[in-house]
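*Asks:* In case you want the letters, here they are:
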Amino acid sequence: MQEHDMSWVRTEMALAQPAPAGVTGFSAWVRKNLIASTGDTILTIIGFALVAMILPQIINWAFINAVWTGPNRTVCATVAQGGIQPDGWSGACWAFVNAKFGQIMFGTYPVEERWRPILVGILLVVLMVPMLMPSVPRKGLNALLLIVGLPIVSFFLLVGGAFGLEHVETARWGGLLVTLSLSFVAIVVSLPLGIVLALGRRSKMPIVKMLCVIFIEAVRGIPLITVLFMASVMLPLFLPPGVTFDKYLRALIGVSLFAAAYMAEVVRGGLQAIPKGQYEGADSLGLGYWQKMYFIVMPQALKLVIPGIVNTFIGMFKDTSLVTIISMFDLLGIVKQNFSDANWATAQTAKSGLIFAAFVFWLFCFGMSRYSMYTERRLDTGHKR
Amino acid sequence: MASQEVLREEPSRASLINDPKVRSIFYQCLVVALLVSGVWWIVHNTIVNLTNLHIASGFAFLRGRAGFDISDTAIAYTSDSTYGRAIIVGLINTLIVAFVGIITATIIGFIVGIGRLSQNWLIQKICTVYVEVFRNIPPLLVIFFWYSGVLAVLPAPRDSINLPFGSFLNQRGFYFPRAVWGDGSWLIPVGLLVGIAMAWFVARKAHQRQMATGQQFPVFWTSLALIIGLPLLAYVLSGFPVTFDFPKQSTFNLTGGFVVKPEFLSLYLALSFYTAAFIAEIVRAGIRGVAKGQSEASSALGLRAGQALRLVVVPQAMRIVIPPLASQYLNLTKNSSLAIAIGYPDLTATTGTVLNQTGQAVECVVIMMVIYLAISLLTSLFMNWFNAKMALVER
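Protein chains in written order, with the working numbering: chain A, 1 to 385; chain B, 1 to 395.
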């Protein structure tokens, strides 16, 4: 053993030196992220020019020059157009959105009955928020209430005709009410239907498999509008004479079937990603087909495809705007319908109304996509490399 | 021997109810029975309904006189043409808007997708905002925004906005000079075709030579010179046969020139911008899907960043990108049916008009479905072929 001369040993850790001035702070950040090279600098200048050109205009239009309240079109029109604003004025007409807010939310739902959709909305929030928070217990009961209880209660509340509530026909529904209720039901229906279709497509029974493939591929190959056309024009032909179908229900069937086909493909992707050993393991444990799917395969498969499922939900939520074309008044439809209101027709009305509608759609879709990212991280148990 | 025979002869121990084969046959018979009775019920109802409405089924109505006008026609069409021709006009319009939309969306999508991966903070943020905004609003809303929010509030033809190259923009559309092909101008497309053919040949030869000897050849510049130079040469040699018909401002309207109607413009812009956001995400995922070692190895080999991207990263990223890209192209084509909302006469719109006029609901919906399915099938066949061509060749 060799002896070391240990005449001096440091007893405390040396403190870390501060980083050199050149690599920290704002100037270093700028040098690294904005002007790293000549090309980078040019890009930055172009980017700044772009932002400097567009951003002030947007802020001016949406906030500074905007009109927030007003009784009619005069507040949003220039003098030349018969209004009070100076010539050359350009700003958002939020007064229009303000005046039509009730309609944008509920359509032509009777004003004195509007507490019903509001109550449904409150119920939805009360059930949805604990459902989305992972730490809140009793998820099973919560899901049951949300998926089975809420639709039944909302049906009686919104349609009425029972328990002393006045009947409100669906033709009077509109705005966000239609958008949300359509997409909620479509989501609730399409997920189980999509799972069944996906299982059918992977089934060993040739006839079942063929039928599922034909349905999925046919629906995925045609635009939603064609499906809606079919639902609104052909469904009445398919039913016995005299039986009529609610237009809202027809759209609901169309959107749900359409979404189910897309959902089926997403779920199939998840099913294919589960290793064969899982299926065989379940078989060797003596589980039946449905037990195998329910306990072993589906929990893993669905977890893998959460992003895909949420993307389908987002797509569906956006697609409900298409019911405008078969003359139903969802959020987009009602905004568009109000453009023709002579009381509010100005050059800024259409832009303002559409941007408000876009903002509402954006909030919901962006929220959904962020929540899916959060869930994905939370459920990530290391399957992914 | 004997034992084997015993095994083969042994009857199934379980009862018939628990035999999976019997069960599967039973279930399938049940499904078929349900389906057949359902279809029979529907067909029966439809026949009864159609008889009550006095509508004859069959496709004979396609030969009837249409009697309605179509604003945008690529082929000759008047209101005296047949219903069949009206549907074909719609189909061509769908294909036109899908084709130009796909090209524009791909270009914007690639730029934005690469921009999201840029080292430049500002560019990255701008591209992120673009993607997050357009991905989360419905395409129909974007179409309406362009149509009633932007294009409808442009000035009237009298005070059109002047743009470079003699083009004008007003609420009736975008006017630009139309090329008038004079005598001898057939040489120009011929020159272009010859140029493309020669460029292809040069690229092939250069590739072969590089494989054999390692010598490189400036293929890009040669091809560019051939493809641009030959038509230009043809243009000069045939004595400048192409003249331009400029739009002229008259009292109430612009006359002459070529006009792109606001319906087409808003549909095209909306579809391109909307789909580009999705393509950008696909491109980003594709490039990030290429292992980091690949770009590190290429810089170790001494390739510059651009070369590494072009020769190593992008070819591998393309393999990840192509399948989802194909489905985005299909989505764009299907979304072009939203044209009906603003009155651009695409397939859905014209067939819908035919449906309303004739009442032949079943036939019209079948025509629509068959055509869209055929487009989807052809596009996915082509993309599958392209995908197979680009796929990793395992050695």
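Treat the hints with care, as some may be off.
To be verified - Reference listing, derived: stretches of chain A covered by chain B, where coverage requires no fewer than 3 residues with Cβ under 8 Å from a Cβ of chain B:
#, region
1, 34-47
2, 109-121
3, 194-208
No lab work stands behind these hints: they were computed from the structure. Note that beta-carbon positions come from the ideal geometry of N, C-alpha and C, so glycine has one too.
*Asks:* Verify the coverage statement for the region 109-121 of chain A against chain B, using a C-beta to C-beta distance below 8 Å and requiring 3 or more qualifying residues.
*Replies:* Violated, because only 0 residues of the region 109-121 of chain A bring their Cβ atoms closer than 8 Å to Cβ atoms of chain B.
*Asks:* Counting residues of the region 194-208 of chain A whose CB is closer than 8 Å to a CB in chain B, do you get three or more?
*Replies:* Satisfied; 5 residues make the cut.
*Asks:* How about the region 34-47 of chain A: do at least three of its residues have a C-beta closer than 8 Å to a C-beta of chain B?
*Replies:* holds (count 6)
Violation of the numbered hints given earlier is confined to hint 2; every other hint is satisfied by the structure.
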